[in-house]
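Colleague: One letter stands for each residue in the lines below.
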Amino acid sequence: MSDILVSEQSAPGADGSGRPSGRLLEVEDLRVEFRTRDGVAKVINGVTYHVEAGETLAVLGESGSGKSVTAQTIMGILDTPPGFVTNGQVRFHGKDMLKMSAEERRRIRGEGIAMIFQDSLSALNPVFTVGFQIAEQFRIRRGMSRADAKKRAVEMLDQVKIPNAKGRYSNYPHQFSGGMRQRAMIAMSLALDPEVLIADEPTTALDVTVQAQIMDLLGELQRERQMGMILITHDLGVVADVADRIAVMYAGRIVEEADVFELYRKPAHPYTLGLLNSIPRMDERGQELRTIKGLPPNLMNIPPGCPFNPRCPMAQPVCREKVPPLLQVGAGRASACHFAEELVNRD
Amino acid sequence: MGRYLLRRLLQLVPVFIGTTFLIYWLVWSVPGDPFAGKCGERRCPQQYVDFMTDKYQLDQSIFVQYATYMKNLFQGDFGQTFGGRSINDIIMTSYPNTLKLAVVALLIEAVIGLGAGVLTGLRRNGFLDNLVLVSTLFLLALPIFVIAFVLQWLLGVKWGIVTPTVSSEMRITELLVPGFVLGSASMAYIARVARTSIAENRRADYVRTAIAKGLPMRRVVGVHLLRNSLIPVVTLLGTDLGALMGGAIVTEGIFGINGIGRQVYRAIVTKESATVVSIVVVLVLVYLLMNLLVDLLYAALDPRIRYE
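If you read the protein sequences in the order shown, they are chains U and F.
Position in the first sequence (from 1) plus 163 gives the number in this note's numbering.
Position in the second sequence (from 1) plus 439 gives the number in this note's numbering.
Calculated from the structure, these hints are not laboratory results.
Each residue gets a CB set at the ideal place from its N, CA and C atoms; glycine is no exception.
Hints may contain errors.
[Unchecked claim] Residues of chain F clear of chain U, computed beta-carbon distances all greater than 10 Å:
1. Thr458
2. Asp493
3. Gln499
4. Pro535
5. Glu613
6. Ala643
[To be verified] FRET-style restraints, in silico, Cβ to Cβ:
7. F:Leu561 <-> U:Ser264: 19 to 25 Å
8. F:Asn564 <-> U:Arg483: 41 to 47 Å
9. F:Arg642 <-> U:Ala310: 33 to 39 Å
10. F:Arg642 <-> U:Arg453: 35 to 41 Å
11. U:Ser226 <-> F:Val452: 27 to 33 Å
[Claimed, not checked] One side of the interface only, derived from the structure: several residues of chain U facing chain F at Cβ under 8 Å:
12. Gly273
13. Glu274
14. Leu287
15. Ile303
16. Glu387
One chain only, chain F, in its complex shape (with noise of 0.2 Å):
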């Protein structure tokens, strides 16, 4: 375990400086100038163009840029905008709210997802289970922001149960529908993978086992059929849980919320690319953690999985 532990870790190195090589790279590829259009209407002065190509080395190769970016980030420092504000402030204020978001929707998406799964799982057929099904297909067929602009009117402008947008604070009243939103494409295929797994496995020998042993229903069900059928679960919910804390652009957007996503499209759209390389780093970084959690997850759930 510590040794399979300590190797993925090894892992995550090469693959860390790959990817935001590639990033840093294509980023600052980007053809034009960064600097147009800084300074108002008018051209910038060649002293100012001059100092920040100083700053940030662009008279140097990608690999010296690379390299002192990579130093300065290992100090704990992402770097400046080219305002002059600290990349660190902009990561530390939105993530949180992201991160929030993320909690929620996984949450949403994990509770009913799951549950729905399961009760149609063991009850094929039934009302339920076509309710599931059409719903399901709904809410996979329908673009996020379609989903969104609904739920925002609807619960939000029409009926006024909820807030349109989300406040400052984040309450998380507010995240709910956001979350769900954010959620319902993964909320689905957790229910129906949840659904199928779980019909799978009722038939399967170690469950009539379990009966046999005179086990009650519940347990049965709850203990021997959920461990099972959980396994791909997991495996779902861990890979959305990267892309979820990749913060959610269209989600953020439509809701007002402060998070990552919004920052890095705000960051894009006005080239400022020290923004853009920082933040995707930090969501590199989550992710390939996120994903190194679900793998050993996965192989805690399932002890056939074994770590070498």
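For reference, chain U alone in the conformation it holds in the complex (with noise of 0.2 Å):
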């Protein structure tokens, strides 16, 4: 029952004419468990969102929340097995992608929506050139020669503010510092102009000050390309400045999702809370920060009703028995809290 509110009622800033229509890219009620041989895991349990041309969508969420999954499952690179979807669908301009062919999906991958990785090292190719993993899209996707395809790849690494692009162009993957090569990452996912692009996590392996650069350097190819970006992140700071939106994601749910400044103004759900309120602040020092008590739960066996209850400070009976729907709380925004109202409504 609650799926299908979930599924209808979980596209806040929709216009309220019933299903959405003509978006970019959209994510519904999608399911996603792993078959291991401990048991089956159920990593995404109906997630559903979507982003547009030009705008950004930060998913936020602890490691096994179930983002990168989410992300893996829309790019078809799901390793399966053991991971299975077993509901939803992921359109792409209308069209769901799962029930395509192996090969019209292909051609959508790095085209129609690209991926930046997390460990820029492990995932590029350490035995070829960084030029070449480039070329090589323009050259088998585009059909260009090898001089072309050279020379559009050393446009690229300039275009992410690579110096020196072309005697850079054939240094290996291990001849780059991390931020360089999470650069050259980010121009191999650029190369065939995507419409939609995701960002696993691209800052993480980076030291702070690098970290910022690199989100500039997103930010201003979003907007410069009017790009849909999917940034999948579990750090609250990153998000701030990028995103237009926020979900942010549970034991493989959204349970909240709003708009960048609604959402650090007054969140919705207490999860959110607790995030926010685990950022250090300058006002605390000395402080014993703050976190939010308990552990994630198993996947392979969920807590009955919401699956954050265990740790909620604020949990009440009903929470153990039912599990809260993601409803619209007021404009553009929702949650999926029993007491969502109760939060938005406070001072």
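Join the two chains into one complex using the hints; note that each chain is given alone, in its own frame.
Modeller: Encoded structure:
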């Protein structure tokens, strides 16, 4: 029952005319499970989100919340087995990609939807030059000659502000610094001018100053190209400047979705509140850091009711019985909490 | 690169001198009279013994002997057998046969081993996978002479598909079975190493990136996956190259191939010390050069390995 509610009402910002249409990329009621020897882990339990051209959606959640698996399902790079999609749709320009042939999906990769991975050292092939790995796309996908492809690849390296792009073309990934490597990764993902870019924790492996540079670069390129961007992160600090909307994930569900400003101002889910409170603040120096007590649930045995209830400071008996559906709470925002109204309406 | 090569070549010098001296010393120190039994039923005349002692400088110290030997070697003279035949001749006639057999064996083990490894690595636990696992286990467990005799008897004698032994013309078709026998153990190793390597790398992040780039599957596997998985296989093939070129005493013997392995065996049995030394010296040289080649190839395959 609640599933239906989720899929119907979980599109904040929709014009209310029923089925959303003409959206660039939308995920609807996606369910993914990992079948392992120890049992079935329900990794994604009805995720619905969408992204439009020129918009950045940040997907926030701790490790194991299912944010990367959702992205992998969109890209069609989910490891099967153990991962299986059991329900839902992933629509690109309104067409369900999960029903497409392998060849159709392949054509969307890179050109329609591209992806940046977290660890650029392992995500780039160690035995080919960075330039080769970019130029390869122009050669294979666009049928360009070697010389033309190389020229375009150097241009791409230049666009992501790699100094001496021409000289760097023939370097191997291990000869790049972490930040430069992530820039190269960005250049590679943007080579075929994708409409949607999924950035899976693009700055996690980098140090803080470089993180900011990479985020700025990503934001800039996204605006220039009017791409839709899905930014996956567990770092609240990273999303504030770049994202338009935020979807917070917990135990394979979206628990809150809101405009970035609204979410920071007044979170409508206790989990989001807990996350915001756990950011260290200058005016609380010397005090103990605030954390969310407890651990994320075991995905093979998600507690009944609201999956967050064992850790929730606001938990009531109803939370242990009923799964709260993701419902609209105010304009353009939704929350999956039985007490969302109270959270939003407090002073 | 150039400096690395030069350094490696210079490193070969002490290794070459060390190993060849050791060989020279060991072979000539074998107890017993090297000229016993060289003159038929009777004792050799003193004249002959004196002549040979002088010819091979047996009254000199081992160092002087070795120095003279080396001096001749660098002039391209491998010396003479006790019977007076040029050892250069022996090497020149038998070594090409060994090379031919080695190349055939190497090709067979590379093509079959690698092919089986890649196919099973991509699709594990299937019928082919189990077939390869069991058959490689057989090849690894059976001694080479058993494989050789069984194939020779089955294919050559019973079914008559091939000639049981190799003629002096050394036709490629005749070499297929001996080549398979010679390469069988390594082929099994290569299949298994390639299988593991492919299976390991198949889930690697860079393979996922290649898929995410929208490359066709055959390019993902044939270029991105294969190139990385080949690194351990090439190392194996490389070390094998040296071993194969060192001749195959058993295989050459069974299939009647006049190769270097057979020559060195014959020389050892007949106590032809000079011949043994010379052939082994050639093999050492080949082995060292092959190792150098493999190191260079290895670095070419994996750019993370740098020539400083």
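Colleague: Does each hint hold? Answer for all of them.
Modeller: Hint check:
Distance to chain U confirms F:Thr458 as a non-interface residue, since its nearest Cβ pair spans about 34 Å, more than 10 Å. Every beta carbon of chain U lies more than 10 Å from that of F:Asp493, the smallest distance being close to 60 Å; the non-interface claim holds. Every beta carbon of chain U lies more than 10 Å from that of F:Gln499, the smallest distance being close to 55 Å; the non-interface claim holds. Under the 10 Å C-beta cut-off, the non-interface status given to F:Pro535 relative to chain U holds; the minimum distance is some 36 Å.
Look at F:Glu613: its CB is around 39 Å from the nearest CB on chain U, clear of 10 Å, so calling it non-interface holds up. Listed as outside the interface, F:Ala643 is inconsistent with that label: its C-beta sits roughly 7 Å from the nearest C-beta of chain U, within the 10 Å cut-off. Range check, F:Leu561 to U:Ser264: Cβ separation about 20 Å, and the 19 to 25 Å hint holds. The hinted range of 41 to 47 Å is satisfied by F:Asn564 and U:Arg483, whose Cβ atoms lie roughly 43 Å apart.
As the Cβ distance of F:Arg642 to U:Ala310 is approximately 35 Å, the hint placing it in 33 to 39 Å holds. In this structure, F:Arg642 and U:Arg453 meet the distance hint of 35 to 41 Å, their C-beta atoms being roughly 38 Å apart. At about 56 Å, the beta-carbon gap between U:Ser226 and F:Val452 misses the expected band of 27 to 33 Å. Interface restraint check: U:Gly273 against chain F, minimum CB-CB distance 3 Å, threshold 8 Å, status holds.
Interface restraint check: U:Glu274 against chain F, minimum CB-CB distance 6 Å, threshold 8 Å, status holds. A cut of 8 Å between beta carbons decides the hint on U:Leu287: the least distance to chain F is about 6 Å, and the hint holds. For U:Ile303, the interface hint holds, since its Cβ comes within 8 Å of a Cβ in chain F; the closest pair sits about 6 Å apart. Hint status for U:Glu387: violated, given a least beta-carbon distance of 21 Å to chain F, over 8 Å.
The structure fails hints 6, 11 and 16 (numbered hints given earlier, in ascending order).
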